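*Asks:* Please construct the entire structure, taking both the sequences and the accompanying hints into account.
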Amino acid sequence: MALRTARNLAYCLNSIRNYSTNGPLVNVTVNEKSGFATVTLQNPPVNSMNLELLTEISHTLQQLEKNKCRGLILTSASNKVFSAGIDIFELHKPNSDRISQTWSFVQEIWIRLYGSAYPTVAVINGHATAGGCLLTLASEYRIMLNKFTIGLNETQVGLTPPTWLIDAMKNTIGGKQTEFALTAGTLFETEEALKIGLVDEVAQSKHDAIEKAEKFLNKFKRIPPHARSITKAKLRGANIQALVRNKDKEVKGYVDFITDPQFQDTVGKYIELVKQKSSK
Amino acid sequence: MALRTARNLAYCLNSIRNYSTNGPLVNVTVNEKSGFATVTLQNPPVNSMNLELLTEISHTLQQLEKNKCRGLILTSASNKVFSAGIDIFELHKPNSDRISQTWSFVQEIWIRLYGSAYPTVAVINGHATAGGCLLTLASEYRIMLNKFTIGLNETQVGLTPPTWLIDAMKNTIGGKQTEFALTAGTLFETEEALKIGLVDEVAQSKHDAIEKAEKFLNKFKRIPPHARSITKAKLRGANIQALVRNKDKEVKGYVDFITDPQFQDTVGKYIELVKQKSSK
Amino acid sequence: MALRTARNLAYCLNSIRNYSTNGPLVNVTVNEKSGFATVTLQNPPVNSMNLELLTEISHTLQQLEKNKCRGLILTSASNKVFSAGIDIFELHKPNSDRISQTWSFVQEIWIRLYGSAYPTVAVINGHATAGGCLLTLASEYRIMLNKFTIGLNETQVGLTPPTWLIDAMKNTIGGKQTEFALTAGTLFETEEALKIGLVDEVAQSKHDAIEKAEKFLNKFKRIPPHARSITKAKLRGANIQALVRNKDKEVKGYVDFITDPQFQDTVGKYIELVKQKSSK
Chain A
918 MALRTARNLA
928 YCLNSIRNYS
938 TNGPLVNVTV
948 NEKSGFATVT
958 LQNPPVNSMN
968 LELLTEISHT
978 LQQLEKNKCR
988 GLILTSASNK
998 VFSAGIDIFE
1008 LHKPNSDRIS
1018 QTWSFVQEIW
1028 IRLYGSAYPT
1038 VAVINGHATA
1048 GGCLLTLASE
1058 YRIMLNKFTI
1068 GLNETQVGLT
1078 PPTWLIDAMK
1088 NTIGGKQTEF
1098 ALTAGTLFET
1108 EEALKIGLVD
1118 EVAQSKHDAI
1128 EKAEKFLNKF
1138 KRIPPHARSI
1148 TKAKLRGANI
1158 QALVRNKDKE
1168 VKGYVDFITD
1178 PQFQDTVGKY
1188 IELVKQKSSK
Chain B
918 MALRTARNLA
928 YCLNSIRNYS
938 TNGPLVNVTV
948 NEKSGFATVT
958 LQNPPVNSMN
968 LELLTEISHT
978 LQQLEKNKCR
988 GLILTSASNK
998 VFSAGIDIFE
1008 LHKPNSDRIS
1018 QTWSFVQEIW
1028 IRLYGSAYPT
1038 VAVINGHATA
1048 GGCLLTLASE
1058 YRIMLNKFTI
1068 GLNETQVGLT
1078 PPTWLIDAMK
1088 NTIGGKQTEF
1098 ALTAGTLFET
1108 EEALKIGLVD
1118 EVAQSKHDAI
1128 EKAEKFLNKF
1138 KRIPPHARSI
1148 TKAKLRGANI
1158 QALVRNKDKE
1168 VKGYVDFITD
1178 PQFQDTVGKY
1188 IELVKQKSSK
Chain C
918 MALRTARNLA
928 YCLNSIRNYS
938 TNGPLVNVTV
948 NEKSGFATVT
958 LQNPPVNSMN
968 LELLTEISHT
978 LQQLEKNKCR
988 GLILTSASNK
998 VFSAGIDIFE
1008 LHKPNSDRIS
1018 QTWSFVQEIW
1028 IRLYGSAYPT
1038 VAVINGHATA
1048 GGCLLTLASE
1058 YRIMLNKFTI
1068 GLNETQVGLT
1078 PPTWLIDAMK
1088 NTIGGKQTEF
1098 ALTAGTLFET
1108 EEALKIGLVD
1118 EVAQSKHDAI
1128 EKAEKFLNKF
1138 KRIPPHARSI
1148 TKAKLRGANI
1158 QALVRNKDKE
1168 VKGYVDFITD
1178 PQFQDTVGKY
1188 IELVKQKSSK
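Residue numbers (the working numbering), protein chains in the order written: chain A, 918 to 1197; chain B, 918 to 1197; chain C, 918 to 1197.
Hint data in this document are derived by calculation from the structure and do not stem from the laboratory.
Everything numeric in this text was worked out from a predicted model, so none of it was measured.
Mixed in with the good hints there might be a few duds.
[Claimed, not checked] Here are the simulated DMTMM-like pairs of lysine to aspartate or glutamate, each with C-alpha atoms no more than 25 Å apart in a straight line:
no.	chain 1	residue 1	chain 2	residue 2
1	C	LYS1112	A	GLU1109
2	B	LYS1087	A	GLU1109
3	C	LYS1138	B	GLU1106
4	A	LYS1112	C	GLU1106
5	C	LYS1151	B	ASP1165
6	A	LYS1151	C	ASP1173
7	B	LYS1112	A	ASP1117
8	B	LYS1112	A	ASP1182
9	B	LYS1087	C	GLU1189
10	C	LYS1112	B	ASP1165
11	C	LYS1138	B	ASP1117
12	B	LYS985	A	GLU969
13	A	LYS1136	C	GLU1106
14	C	LYS985	B	GLU1106
15	A	LYS1129	C	GLU1106
16	B	LYS1112	C	GLU1118
17	A	LYS1138	C	GLU1189
[What the hints assert, rightly or not] Only part of the chain A face toward chain C is listed, based on derived beta-carbon distances under 10 Å:
no.	residue
18	ILE1090
19	ALA1144
20	ARG1162
21	PHE1174
[To be verified] Facing chain C, from chain A, some residues (calculated, C-beta under 7 Å):
no.	residue
22	LEU942
23	ASN1088
24	THR1089
25	LYS1149
26	GLN1181
27	ILE1188
Glycine included, C-beta positions come from ideal geometry on N, C-alpha and C.
*Replies:* Written out as structure tokens, the structure is:
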């Protein structure tokens, strides 16, 4: 292990691996040869994005940045769920400070992942709903396994996606498909998602998906990283700048919306419904 | 009738039905069960949008808004023409005040229909040209019958579509197809329109189209209307705000353009051409 | 010839043809009947855009504008290369003034061609890379012959495309495909380019391509040119205005980037590589 660390100085360093041992909810491994980091979400059963998971994802991305990662594969330890998005229990009868922190971390993760200098792939080896889909839209490339669903279904629980997320979806699948998907809160099955361009490739297994992800990342092997990252910034910078400008105001608006009795009523009923379903 | 009205308080109320009896050019019926309003244009022979029809459409939309309509199906009483757009005779040797009012109503209809809180479908059961196509682009979903044509053919008569309409078309069919369509003033046949995404579905009859329209509107049955309308506003708000900011200036520019001798010459020749064709 | 000139007063005049005899790197011919100008780049072997070629292209476009050209077909005298883009030797150990002029001409060509009042087609009868692809994206329609490649491969040599070019590509092939293409510096073969919409039609020969180009231009025969050009300006104006506002700043940034030792190192190595390949 010491030997491997020593060899690996060029890219994703020591600190990441150290970090990964500290974070129980996010596992980070680095392929020494390629310099690609694999970040695996492991918050069973459905990688709910509670404040703890969000904090760990954010710190992980910060470390990858510092250590000049050459590429990121984002995936799930579960073989059923990539991520079910923000933990619904964070939204139910919330403490204002905690919900404010939660949303700040969502924003920060977006800024770091959507704006990362290194290339990024989501290996979607399970359902990716709401915040789970957000993580895949922040990536550059999406590879999905069959028989799962993906989508921003926020409206189904009475929420609305933030404008920067809407803009990223428009950039990915076009204006009209985005409107259809978001107003109805549609969850797409793998094949539909491929058809409308919400995912870029379908894989037969996680192993197959990882291979395809590495193939995508290897495309950039001979591209000067400096030119690549400036180009990416030209493509994605306006989205991030708009979010940065509006960061605090958006957190406030989000807290107000979540703590509003009308929303609390909707989310309360939703939780009841889910409980009834699972008890059957 | 009194019984039906009483049952129907939840959504599209009394006033709409009353209104519909007042407006000879626009018929409004409401399905009590679903709360969906069907708005039928009936200005024979081609639903030319003269000042009178525009006024009625605008008032109808205002009433639907007030009465918290749950969904709108927009269609034509003719089985040949959905709408041929702004009445060419409104543009020929016009009175400045009247043409100014005409364009203000076009803007207002756009603001109300494109920005409606409730979901909207156009059942395009005939040709939809220029302003007729505008009404369908303001809707969320477009279902078209076979063997008709649709498009913004303004350039053919020497006009240019307003920027907010151009932006909505770009959002619907993408930048390049919009440029091709608008610079050439192309009218697309049903199948072509489906192919480029200018319409979303093809129906075999008006009955079939209405069923498909209801199916689209029913998608939103379980979506909290509040979340749906905020999401729609996030998607379409910038377009409407840009129009609102520029409203008066655009009316003035339009009046100047229409009353210019060069345009009057073009439109005069166009009317002659149409007259010659119809007399043959 | 005198007779032909006399007949031709209505559109692309005398001065153009005179100009064409003066410019050794750009040939201009005008079809008297249609008023369409064919502009042929002839800077062998690969139509490298050095300062001389750029100057001539810019002047040609200026003349076409003045003379109210009815349509432009842009093509190459080579049957292998449409254009290989900005001459790499202009970028290697450059004189600041000359590189500044070079980039100013690139901007000016964009403004004139992307914003031209008349319709434009690129007949891509050879490879169109970097600046070569830029010329085709500035056109309204792209017809390409088989077995060539096209793309903005700037990142491969450590450069990044300007934002106005990125925006035009997004308008042509959508946001996601643009990001894929630009971050990897992808060169697409004809069939792939057709599939993603980077070209609009494939031709079997240059003769076939020219016929298709004329067919495209003839679509506008009955469209009042005034309405067409205003519509085009509404579609493309924001792109051009953004460039105009940022013109000088962009030239400065480009000069700084090009003259930076890091870039000079990259470009030096690239030239070595090309030399080694060609000596084999």
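*Asks:* Could you run down the list of hints and mark each one as holding or not?
*Replies:* These are the hints, each one checked on the structure:
no.	hint	in the structure
1	LYS1112(C) <-> GLU1109(A)	19 Å, holds
2	LYS1087(B) <-> GLU1109(A)	23 Å, holds
3	LYS1138(C) <-> GLU1106(B)	21 Å, holds
4	LYS1112(A) <-> GLU1106(C)	23 Å, holds
5	LYS1151(C) <-> ASP1165(B)	18 Å, holds
6	LYS1151(A) <-> ASP1173(C)	17 Å, holds
7	LYS1112(B) <-> ASP1117(A)	21 Å, holds
8	LYS1112(B) <-> ASP1182(A)	43 Å, violated
9	LYS1087(B) <-> GLU1189(C)	45 Å, violated
10	LYS1112(C) <-> ASP1165(B)	43 Å, violated
11	LYS1138(C) <-> ASP1117(B)	31 Å, violated
12	LYS985(B) <-> GLU969(A)	42 Å, violated
13	LYS1136(A) <-> GLU1106(C)	17 Å, holds
14	LYS985(C) <-> GLU1106(B)	33 Å, violated
15	LYS1129(A) <-> GLU1106(C)	22 Å, holds
16	LYS1112(B) <-> GLU1118(C)	16 Å, holds
17	LYS1138(A) <-> GLU1189(C)	19 Å, holds
18	ILE1090	8 Å, holds
19	ALA1144	4 Å, holds
20	ARG1162	19 Å, violated
21	PHE1174	28 Å, violated
22	LEU942	30 Å, violated
23	ASN1088	3 Å, holds
24	THR1089	5 Å, holds
25	LYS1149	6 Å, holds
26	GLN1181	36 Å, violated
27	ILE1188	35 Å, violated
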